[in-house]
Amino acid sequence: IPRHNEDGCEIRVISGTYRGIEGAMKGEYVEPRYFDVSVAGGGRWTAETAPEATVFVYIVQGEGVFGPAGGSPIREKNAVLFSKGETFSVDAAEGGIRFLYLEGMPLNEPVAWGGPIVMNTKEELDQAFRDLDSGTFIKK
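Offset between the sequence shown (1-based) and the numbering used here: plus 10.
Hints are not guaranteed to be accurate.
Unchecked claim - Heads up, simulated EDC-like pairs for lysine to aspartate or glutamate below, C-alpha to C-alpha not over 16 Å straight-line:
no.	residue 1	residue 2
1	87	46
2	94	62
3	87	73
4	132	119
5	94	134
To be verified - Label-pair ranges, simulated between beta-carbon atoms:
no.	residue 1	residue 2	range
6	31	116	22 to 30 Å
7	143	52	21 to 29 Å
8	56	133	15 to 23 Å
9	119	27	17 to 25 Å
10	90	132	43 to 51 Å
11	30	121	21 to 29 Å
12	88	136	36 to 44 Å
13	82	62	25 to 33 Å
No lab work stands behind these hints: they were computed from the structure. Here a beta-carbon is modelled for each residue, glycine too, at the ideal position from N, C-alpha and C.
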């Protein structure tokens, strides 16, 4: 996995691009940015995000304050979903922090959700359940 180091931060670029570094994984239909980020104790990392992007992080280890300074620290094994257009930043606690950063653009497609199955239309959802009932849902 390609890496970039800056100011006490290590960014492993799994997917997408960071400061000109291409990730190891490329999406076929969507181009998410997926990073494994480590920030040294007392350090800060910020990321430029598109105003319409959705940003989500999962804290793997340590803790830090996400968003404006003065917020409450978020500890490991927790996730944070950011509002669209919000500037992304994290201030690491003294022990540092490691988190997975995921950013994606909206697909602007309709969503039809039925329990464990998600499709684009009610008709597709109904067909998926018929296929599931008949044993032909998973096709090769």
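Do the hints match the structure? See the list:
no.	hint	result
1	87 with 46	14 Å, holds
2	94 with 62	6 Å, holds
3	87 with 73	10 Å, holds
4	132 with 119	13 Å, holds
5	94 with 134	29 Å, violated
6	31 with 116: 22 to 30 Å	25 Å, holds
7	143 with 52: 21 to 29 Å	57 Å, violated
8	56 with 133: 15 to 23 Å	44 Å, violated
9	119 with 27: 17 to 25 Å	24 Å, holds
10	90 with 132: 43 to 51 Å	33 Å, violated
11	30 with 121: 21 to 29 Å	34 Å, violated
12	88 with 136: 36 to 44 Å	37 Å, holds
13	82 with 62: 25 to 33 Å	27 Å, holds
Checked against the numbered hints above, the structure breaks hints 5, 7, 8, 10 and 11 and satisfies the rest.
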